[in-house]
Structure formats: structure tokens, C-alpha cells
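Number of protein chains: 2
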Amino acid sequence: MDSSYPQETFHRTTFEPSSFWAKRRAIVRKNTLRTQLNILKSTGRYDAFRLKWHPAYDDGHKALFWDSDVAKWLEGACYFLAEEGDEEEDAVIDHAVKELVDMIRSAQWKDGYLNLFFTVVKPGQRFTNVRDLHELYNAGHLIEAALSHQQHYKNNLLLDPMLQYLELIHEKFGPGPEQLHGYPGHPEMELALLRLYARTGNRHAYELAKYFVTERGNSHGVQGKHFYLIEAQKRGERPSDRPDSWPTADSYWYEQAHKPILEQETIEGHSVRAMYLLTAVSDLVRQSRIVETDPTQLDVYKTACERLWDNMVNKKMYFTGGIGAIDQWEGFGIDYFLPQSTDEGGCYAETCASIGVMMLAERMLQLDLSGKYADIMELALYNTVLGGMSQNGKEFLYENHLASCPARPSKREDWFDCACCPPNLTRTLGILSGYMWSSTIQGNDVTISVHLYSSATLTLDVGGQKVTLKQETNWPWGSPVTFFLDAPSSVNVTINMRIPGWAKPFEHGMLWEVTPSHLNPFGGFQKHYLTMSPGYTSKLGKSPMMLSFSPASFAPRMLLHHPATNQNTLTIARGPLIYCAEDVDNNWVQDHFKTVSISSSAKFEEIIEQDDILDERYVKIIVPGLRRLDTRLYAAIGYFPGYEAGYEDYLENQEVDIKFIPYFYRGNRGGRGHMRVGFRRLDQAVKLLGGGTWRP
Amino acid sequence: MDSSYPQETFHRTTFEPSSFWAKRRAIVRKNTLRTQLNILKSTGRYDAFRLKWHPAYDDGHKALFWDSDVAKWLEGACYFLAEEGDEEEDAVIDHAVKELVDMIRSAQWKDGYLNLFFTVVKPGQRFTNVRDLHELYNAGHLIEAALSHQQHYKNNLLLDPMLQYLELIHEKFGPGPEQLHGYPGHPEMELALLRLYARTGNRHAYELAKYFVTERGNSHGVQGKHFYLIEAQKRGERPSDRPDSWPTADSYWYEQAHKPILEQETIEGHSVRAMYLLTAVSDLVRQSRIVETDPTQLDVYKTACERLWDNMVNKKMYFTGGIGAIDQWEGFGIDYFLPQSTDEGGCYAETCASIGVMMLAERMLQLDLSGKYADIMELALYNTVLGGMSQNGKEFLYENHLASCPARPSKREDWFDCACCPPNLTRTLGILSGYMWSSTIQGNDVTISVHLYSSATLTLDVGGQKVTLKQETNWPWGSPVTFFLDAPSSVNVTINMRIPGWAKPFEHGMLWEVTPSHLNPFGGFQKHYLTMSPGYTSKLGKSPMMLSFSPASFAPRMLLHHPATNQNTLTIARGPLIYCAEDVDNNWVQDHFKTVSISSSAKFEEIIEQDDILDERYVKIIVPGLRRLDTRLYAAIGYFPGYEAGYEDYLENQEVDIKFIPYFYRGNRGGRGHMRVGFRRLDQAVKLLGGGTWRP
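Sequence lines, in order, name chains V and F. Counting in this note's numbering, the first sequence runs from 1 upward without gaps. Counting in this note's numbering, the second sequence runs from 1 upward without gaps.
Calculated from the structure, these hints are not laboratory results. One thing to keep in mind: the hints can contain errors.
Identical copies carry no separate label here, and so any pair may be met within one copy or between two of them.
To be verified - Dumping the calculated DSSO-like pairs for lysine-lysine here, alpha-carbon to alpha-carbon at most 30 angstroms:
1) 234 to 122
2) 122 to 225
3) 302 to 225
4) 504 to 620
5) 62 to 234
6) 41 to 110
7) 659 to 603
Next comes chain V alone, as it looks inside the complex (with noise of 0.2 angstroms):
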């Protein structure tokens, strides 16, 4: 059984405690379980379980995902614990725990039922809306609350409940003429089957995981028809009648479900839906390899996964790793359509949905060693997934915008109605390092493979025998890596390094440079390393080893978007981080920075600054820009809609210097909510055909 999930491996890593990781892992430990303890408390999450009416209930469904907001934390909770931490603190959150697993026990129906919404408030429709209502969503959450739980208690509190829901949900769905044909209208359930299945060996969680998956979307499912159809028309309903997120009537396309995931050519819906079930899709593929007689049956579904990241990557993600430009259905749009904000168009870009991203990154991974999905796995964690908690641990974005407007300023939040974002950020954060590396053991050859960089160590138990390899590193800001490897003589370590495509060579024209340099016999040249596991370098373990990357990597670039964004804006990286500008350093601007232009060929200039929060220093970039003085640009011009060219030439602007910060720094030192990523652009040249560069 494999069990690589970043749940089960993330304990054999000890992150070095001056690292940009552990200091943000430990305000999570200080304050954010705390403090997310106690919103669910002041809320009636907590105390859900016991199973009284709440007031909340009297808004029909506020309350469908109290189930998994509780278990979201009390998976959090038990991977913290597992790490030595403050004596007394740890006994709160050990305490709620405990009790918050006696009172979900006490809620199990004795034929092994456990949802909230359907004992409390709906009794008696049990499995009736397994298309909206979150049922078999909350189910999965708290499995994995379970795996969690058992790993950190080694006790089967919380998963002997859940193996018996197990059983029900397994009687009740699947092929069998008796049985409901339908599957989850918000996926999460089969991810959490497969790591059941992993860590258990239940076939029958590894037979619901496939047949969620391969009965999705069948056109002719029930009686010659669509599942969601029948159970709709059971329910009474009407073709007109539909959530307020489809945006006309049979959206099946919001959960995927719209034609089977093996004809699936784009990625539609709902983002987080999306991401949740090709992390279990291709968490599948791997799985079936082990179980099924014939090991390649389901590799259909892995090229179904490779078609729909490609689609994402390419025409429907954020700079930043976002995905979801549609605020209605939370979702996807059309391909290229990525608007910066919602007076532009939209801009959804949910925490959770770049959560979903590293999960199905870190499964593709799995599948296939390629920088393609470790470098998207970075950008999401460093950018929209960090920057979804403020650097005090207490506050949170739902969204994350490329730019605010006035409707919507760049403010965090305590907590949300919907709360799937804040705890799942926790267990995230709680899991992180088990999203740095993987392993593979065969006899006494070890392959590392390491993802991402940061100051830990890894311990692996080969054999009996004890091998670590550290990493001490600067990174995000800078490189080398040094690796510390401790290894006895007898075993073979082989380290895959991550090569990051945003990486430029240096200047005797090598992509890395790996020292001792005899490590290094070819060099670390672009064309050697395409050649490799794609993003990746291989080195028999050495110690000490650095990885270092060329100068040129670590300046400051300009991204573009491409052309049929209709997006003519640059956007500041450095490294893998996404930079953004904040009116807190630009105070003179009123606008949301949105008559503010750059040029490709600005010069750019670092900073050193220091954040006091977590005492810790970031890089600030400032970059010369263009500020439109003249406001009537934007008041009525005159009888007719846009204006003549050559009038922009009489409006005047102003030099200014445009002072950026890493993205997922905004909304950390008050201000008045203007941001933005993407800044207008001033310049453009191209080459002409037969030589030659054309410039206006």
C-alpha cells in the first residue's frame, strides 16, 4: 500500500525554527487554533454535535457545512499536536478535541448515520440532495478529521464511527439496481476514501471512491437519465427551479457532472469542486495500479487529469495561482477570461480552490515527476494560499483578488458565514511539509525527490537504519540550498532537486549550478535538464551539496498576460512570489491604483524591510511608474462613448515610484484597501518578419 500523502508524511519532517515555514506554523499554533476554537465556539459549531436547534438553523441551510468546518479544525488540530508545543495551550486544544469527538460519536445514528443538517434540521431526507446539501462533502471531511484523529491518538474514537457510516454510504450508492446511482455534488468524500483506503485496506472505501468517480456525470444514469435530474424530479422539482449559483437551469457543468470526467475536455464549475475531485480522479489512478488485476485500466483518467490541468494552467489561472474568475458560480469562465477584480469583470480566486491546486499538484506529482506541477504547486502556496491568512494567524480572505475596487476593498476578515477557507488553511499549514518532499524506499536505494525548499529536515527509517537529509535555505528570497545528508554507507541516496521554470541561467549560461562541482559533470544547462524528469535534477546524494541558482532568478521580473486576456498589464515576480502594490506604502493613490502604468524596460529597485510580526525581513520593490493626474479620463468625456486618440496625449501625468510587497503580505498593516498585481502597461515592441524591431 502506498501511503505518500502529505497527511501521512509530513511528521518525519522538523522544519528549522528560524524558517519562513515554522514561524508561520507556529503563529498558526499560537494563535490561529485558538482563536478559530473559539469562533467556533461563540458560533454554535462546537456544540453542533449535541444536537439541539440552533438559531441558525432558521436560515434554512447556513448551517449544512458545520460538519466539515468542525472536522476541517479537528483534523488541524490533531497534526499540531503531534509536534512538542506549548504545555498549556496544548491542553485546550487537546481537551476540545476530546470532547468535540465524544459529542460527534453521541450524534451517530445507530444504523451508523453522522450529519447535522439531516438530524437536526431535515430529519427524514437523508440522502435525498446529495447534489447540493453537502452530505457526503461533510462525510469526507470527517473521515479525514478520522485518519487524523487516529494517526495523532492511535485510538479508533472517531474511525470505527466512520468506518460504520462507511458501510451505509457503501450500501446505499452504487451499481446495484437497488442502490442510488448518484455521487457527491461537491466532491471531498472520495479523496478521503482513497487515504482511508490507503491507511486501512477497506476495499469497500476504494470501490465508493471509483464508483464516485466513474459513474460522474453518465447522461443515463437513472432510468435512460441524468442522476441529478431524477433525484431533482423526486424531490419535486422544476426544470426552472436551481441554486443561485447555476446560472441557468441543468448547470450541471458547476460540479463537473455535467458529461463523464473522461470526456471532459476544459475545466468548468465550481473551482473548489473541481480541484477536490481530480485530486481524488488522479489519487485514483495510483491507487488503481495497486488493486485493480489490470494496473493500467484507469490510466484513461490520468490523461483526463493531465487534459484538465493543462486547460487550467494555460487559459484559466491567476498569476498568483487563483483560480475562478466567476464570483456566481465561484468558479471557472471562459478560457483567457481573467479579469483583476469585480468592477472589471470579476475575480474570484477562492483560498480553498488553491488549496485544491497543491492537493491535485502534489497527486499529479505523484503520478509523474514534473516540475509543470511542483512549480504550480509553489506559486498557489506562496501566493493565494499563504496570503489567505493574515501574518498574525487571526484573520483571512476568502477571495483573493489581483485588485480591489470600491465595492470590494483589500480587507481581511475574522471569520466567514461559509468557513471552509480559515480551517482549512490550518490543516494545510499543519500538513505543509509533507508538500515538500517525497520519498520512495526499494532495499536500500532511497529517492528524494524535493519539491520545495525550505530550512528542515527530513527523517526516514530505511530498513531499520536512520537516514536524514537537511536543507538550509533563504528561500523565497534567495537561494542556495545546502543539503546536510546522513546516510550509512550501505544505502543509496538519490536526490531529484527542483528546478523552478521561472529560474535564469546564469551567466556561463547554466540554468543551476550544483557544488561540490565534480556533482555536476554536464553542467546545469537548460538542454541537459529537459532531458531528466522534466523540472528536475538527479544527483547521487552527497554532503554537503548546494543548489544554487544565478542572481538574474532572484531580481525582480515582469510577467504578461497572454493577448487574449485582453489583460495589457505587468505584473512584478521575484522568485516565486506574485508582488502587489498597497495605498499603506502608496499613499497617494485614490484609485485602486487603476490609472497607474509601468513599463517593461522600468528599472527596478530592492529593499530590504522588516516585519515585526513574525520578525522577519522581505524584500520590497520599487519601480518607477506614471500616474494619470487628469480625472477626467474618468468622468463623462462627451457625447459618445470612449474617446478620440491623441486626447490621452493632452492628459497630463505625474513620475511616480510605485512601491510593491509581496502578495501575501497585503492587508497586514491597516490602510485604506487599494491594491492591485497587474499594472497597466506603457510600452510594447515586437520583431518584424526578415529582422528588425518595430517600436511606436
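The hints should help you fit chain F onto chain V, whose structure is shown.
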């Protein structure tokens, strides 16, 4: 009673047979009336008033608007029959009109009710869904048809039934406790009622129109709630039960009923409904000044119309005079959201909506003589209205995209299931001269305001004396406009001539010239012109009198979008005409001109071309541009969304000559359906504070 409606005044004008508009009206007379009659017959619409079942009725709501399709054709036919034409052809049309009137009369219920759908398809459901089912909309179009019929046939065979129907509706709707406090979901009846009042003096018509306008959007109209909510509840609908055009529940903004008109700050929803509604609102203001004891009582509605007009023109209108960026609700998006094509995120710009823009502009001109209305009326007429019909009068466009895309090539069609646009064009061209000029007569003082220029003669009866004003011009291709006035010496004629907003000064600084020059003592300076009725110059009529604009006024010019649109494109215009490029003139194009760029400093070349369909000449414009040859930019570039600045410098471009034709002329000469209005802009220059120009 003021009867200045285009429908009433058009017959005072005779077009010069060789003029731009006479040729098009002749085509409608020759081809369109007969073609559309044949389609009315073949689709079942013609015989529908015989009240037999038709297979189209099987499909629920498909035939909801059939009354209006017939009515609009009938209305248009009567306008054209009023003028001399081909005898044989006219006999066919005349016979059809008479037969239709007989059938309509025979379809009326004894109590006056008259509607196909609720007589044949859903009897017994009268007035149970005025929000969605077009019952009152159809009534409005039948009233307009009756007015046109009475005008031509001088009998009341169609008007009498409509007056009887009016009494039924007037009894049914109103403020009384037994009455329905509702109003049409699709406005139209309101504007028809006001014209009916103006023609007949029927106070019930005025009262009902006023009620519909003033009650609209009342949030507590019935039992403390919105009328549409109560109406839907009576039908047994749930909040989640909604039309496909509503993106979310309770989207009353779709029909401009989300709040009272006086409280609406921005123009929202279905664009045809919005235009028909505001046409009625502005006309109600005019009529109220005659009817009401306090003639200023409804002037607040004028302010509302002005506010919504300005929002529309400045923030929600395409350069073509098209409105409505959003496909789903055939209407307005957020401010400045004006993508050019479906694959850029939207573009609808329905032909009927631009006809509505003309109607509203005409009513606003009745309230305030201002070029701001006439300019937009002309813009819509020459581009999105005229462009809705092919040169031969047999093919149509429902949507007026500014760029084609693979899923929506630029192709015309014979007809549409929802057939509002084709007969709407017929009737609009029928009364076109009614939009050209308006006149007021007080004793022997006559004022003629000329809004549109074309070779035509207006004949007025001034106290029994005949006054004629003739225009001769090559408009829209150039000026001058020469006026010949024939009036008895006892009559004083003042002529207000429109100065288009796009006019550019002569070299000597004047914006226009009137000769003989003694008529022009202060010169045509902009300053002077702004102190008069804005956008008009006023002269005591002499004959001949010549109004000239500079050659620069009719040279091609480039239009820029407001920067908040994110449309970094240049659009070619010339006089009132917007230009586009088609593959039929540019056979190298493969990608709908997506990768073709131009510079605002590009030099234009004009070529006179011949159109054989109408035997007329038009101006083609050639603009040098760059075509990107490298297709990598449209494939996946790497591991990341977008790419790094500098990359595009390596892409090769080819210099091309792009041939542009008037937008209205597109889709007349075959081709593959590649078309575009706005081309990506290559250059930009800005002025710095303190002087100097910054060029990258």
C-alpha cells in the same frame, strides 16, 4: 395634443430616389416585405389568428411573441403602402394586411381580450404571468399596428378592437383594491398607449401608461411586497424557480423592476426592455406637461431618463451604438465591461436594442434639443440598426458582435425563432424620415430641427400655406448639406442644424461653415455653438444655404476605449460610420484578427469601391498593421500562466495592409465569417507633468 412621433410625421418627407436611405427603403419595399410575409406564412404565424393548434405550440413558450411578429410586419407594411410603389407587389401586401386584420378581429373575445397564446395554448391563464409571458407586450405591438393601419387605411377596423382591448386592460390593472397592481415584464405597451393617447385623446390610454410607469418596481405594491413576487407565488412558484435569463433568483433588474424608476442609478437588465421602457418614460414626461394640472409633476422622470442615458452612453455602450454585453440576459453588464466577442467574455448588442436607442433618443430630443441625443441616434442608425439587415434586405443579424470568434462567425440569417429584429427593422426603415427632422409651428413661425442629413424634402402645412425644405447631400460619406427652402414671405422659418460631435474644425478654426457667409456672422466656432442648443446651430432659413464640415471631419479617425474597459484597442471611424475588417477583403486572416495590431499614428488610405447590390459607392479604408506570425503565443507556453516580458520581442510579425469597410456593410459578400472592429493597439504616448511627452 403633440403628435410629433416619427410614425406620424414620416409621411411629410420624400427621399430623393438616389439617396442613401431611399435605396434602402426601396429594397425593403421590393424584397423585405414580401420575404418576411412568406416566412410569416411558412412558419405558421400568418394563420395563427385563426386560432388553430400549431405544432410550434407543443414546445411550450415558442410562440409567445407571434402576435408581435405579425403586428410589427403589419405596421411596417402600412408605412410603405402609404407611398407609391410597384402596383402588383402592393396588391399582394395590401391583401395580406386586410386578411390579417380580418383574422385578428375574429380572434378577439367578446370581452375584448385578444392574445394568441392565452387563447389557444393556455386558455384560462390570462394575466397570471405578466412578468414573463409578453401578454401586454403583444398588446402594445397590436396597438402600434392599429395606429399605423388607421393612418393608412383611414378606417378603424383594427383600432376599434384595440380600443376595446384597452378598456379590458384598463379595468384589470390599476391602483384599485380589485385591480392588479402590475405592469408589463417587457415594456412596449406603455409607449404604444402614449401614442394611442396622442392620436385619439383617450384618457384611459394615458392613465394606464402612467400607472405602468409609476407603479413599476414598487417593493410593496401588493400586500406589502413586490407585485412580481406575489404574482409568482400565486402561480405556485418557489424563490428558486426562475427564468433562464435570470442569473439568480429575484433578478427583477432584468426587467428594470428592481426598484422604482426614479431610484434607478444605473441602467440594468435586458437592453430592449430598458430602451422601450425609457422611451415611454420620457414620452410620458412630454405628454404629462399637456395633460396634468401641474405640468412639472412628472419632470423628476426626465431627470431619471437623463441619468440612465448618461450611464448607458458613457459606460455601457459600444462604439457602434450597440448596447448589452451579456448574452444570458441579453442586456447590460457592469460599467465599462465591453468585450468585443463571445470568446472575450461577452457582446450581445441586439439589433432591437439599438432600434430602442433611436426611439429613446428621439423622445429625449423632444424634451431637450441636444446633439448628445441626436449623435447617438445617428450612431446607432448607421451601424447597429442598418447593419442588422443585409444590402439585399433578405438577411438579418440579431446580435451585433464587434468581433467574430470560432463559435460565433460573422454570418447573417434569414430569420430567427425569436423573430423580433427583422420586422422591427422593416417598420423602423418605414418611418425613418420621421427621425430626420422635427418641427414646431406657432402661427407663422416655423422651427425645423434637422437631426439627420440625407437628400430629402420635408413639406409642412403652415396655416394652409405650404413650406418645403429640401436637403441635398452625400451623407454619410461627406458634406456639404445644401438646403433649399420654399416658404411664403409671411412665414419665418428657423432651421436648427445638427453639428455632429465628431466634426473637426477647418484649418481656420471654425467647426462648421454656413454659406452664404453673411448667415454666419460669428463663425462656426465651437465656443459659440456650445452656448446654443448644444450640438445645433440655429439660422434664419434662406435658400440656398449650405452647411459644410471640414475635410478632416470625414477623414478616418481612431477611437480609443475608456481605459477602465481594459480594451486596449483602436477602432476606425469615419463620419458617423464605424469600420470593421472582414476576411473577404483580408484573406490572410486565420484567427478573427485576434493577433493583428495597429498603431494610432498609422496613415490611412481611402479607396472608393462600388457595391453592386444597391449600385452605390462606399469608402474602403486601408490601414497598415502588424500580423503576428508566431503561433506559439496561442499554444501552451510553459509551466506557468502567461509569460515573461521580453518574450514577445522574439515573436515575428508581418507587416500587412488591413482593409476596412463600414460595419453596416459586413456579411454581404460571403467569406469565412472573420470580422473585427477594435484592433490591438501598439503604441502609447503620455504627457508628463511639467511638460514633455513620454514615449517608451
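Okay, the hints, checked on the actual structure:
1. 234 to 122: both (16 angstroms within a copy, 26 angstroms between copies)
2. 122 to 225: both (27 angstroms within a copy, 28 angstroms between copies)
3. 302 to 225: within (27 angstroms within a copy, 54 angstroms between copies)
4. 504 to 620: For residue 504 and residue 620, only the intra-copy Cα distance (21 angstroms) is at most 30 angstroms; the inter-copy one is 48 angstroms.
5. 62 to 234: both (23 angstroms within a copy, 27 angstroms between copies)
6. 41 to 110: within (27 angstroms within a copy, 68 angstroms between copies)
7. 659 to 603: This pair counts as within: shortest intra-copy Cα distance 13 angstroms, inter-copy 39 angstroms.
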